[in-house]
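With these hints in hand, go ahead and build the complete structure from the sequences.
Counted from 1, the sequence shown has number 36 at position 56 by my numbering; the numbering is strictly sequential.
Any given hint could turn out to be false.
[Said to hold, decoys possible] Here are the simulated distance ranges between beta carbons:
| no. | residue 1 | residue 2 | range |
| --- | --- | --- | --- |
| 1 | -13 | 12 | 39 to 47 Å |
| 2 | 40 | -1 | 51 to 59 Å |
| 3 | 35 | 8 | 37 to 45 Å |
| 4 | -9 | 17 | 35 to 43 Å |
| 5 | -3 | 24 | 38 to 46 Å |
| 6 | 36 | 3 | 46 to 54 Å |
| 7 | 35 | 0 | 48 to 56 Å |
Since the hints were made in silico from the structure, they are not lab data. Just so you know, these numbers come straight off a predicted model, no measurement behind them. The beta carbon of each residue, even a glycine, is placed where N, CA and C say it ideally should be.
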Amino acid sequence: MADIVNLRQARKQKARAERERLAEQNRASHGRSRADRERDRLIADKAEKFVAGHRREPSSDPDPPSIGPKSALRFSDKSDA
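Written as structure tokens, this is what we have:
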């Protein structure tokens, strides 16, 4: 004689197994170890220091003035006319 199976519980168990399988695939494809994250952070820090060390003048002003469309309007020749 066959065992009696609660279909609701069987469906939930199957769904849990499917979610766990999908999570395992995602961990394998997207997961990064602490060592990987730390290595990437150190590489980024080193690159930033390299770029900062080769600047012509150190930037102490957080918002340096730039010559762009807004600045160009202040220096236009329309005020002389």
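Consistency of the hints with the structure:
A C-beta distance of roughly 40 Å is found between residue -13 and residue 12, which places it inside the suggested range of 39 to 47 Å. The hinted range of 51 to 59 Å is satisfied by residue 40 and residue -1, whose Cβ atoms lie roughly 53 Å apart. The beta-carbon spacing between residue 35 and residue 8, approximately 42 Å, falls within the hinted interval of 37 to 45 Å. For the hinted restraint 35 to 43 Å between residue -9 and residue 17, the CB-CB distance of approximately 38 Å keeps it satisfied.
For the pair residue -3 and residue 24, the supplied restraint of 38 to 46 Å holds, since their beta-carbon distance comes to about 39 Å. The given range of 46 to 54 Å is respected by residue 36 and residue 3, whose C-beta atoms sit roughly 50 Å from each other. Remark: the range hint 48 to 56 Å for residue 35 to residue 0 is upheld by a beta-carbon distance near 51 Å.
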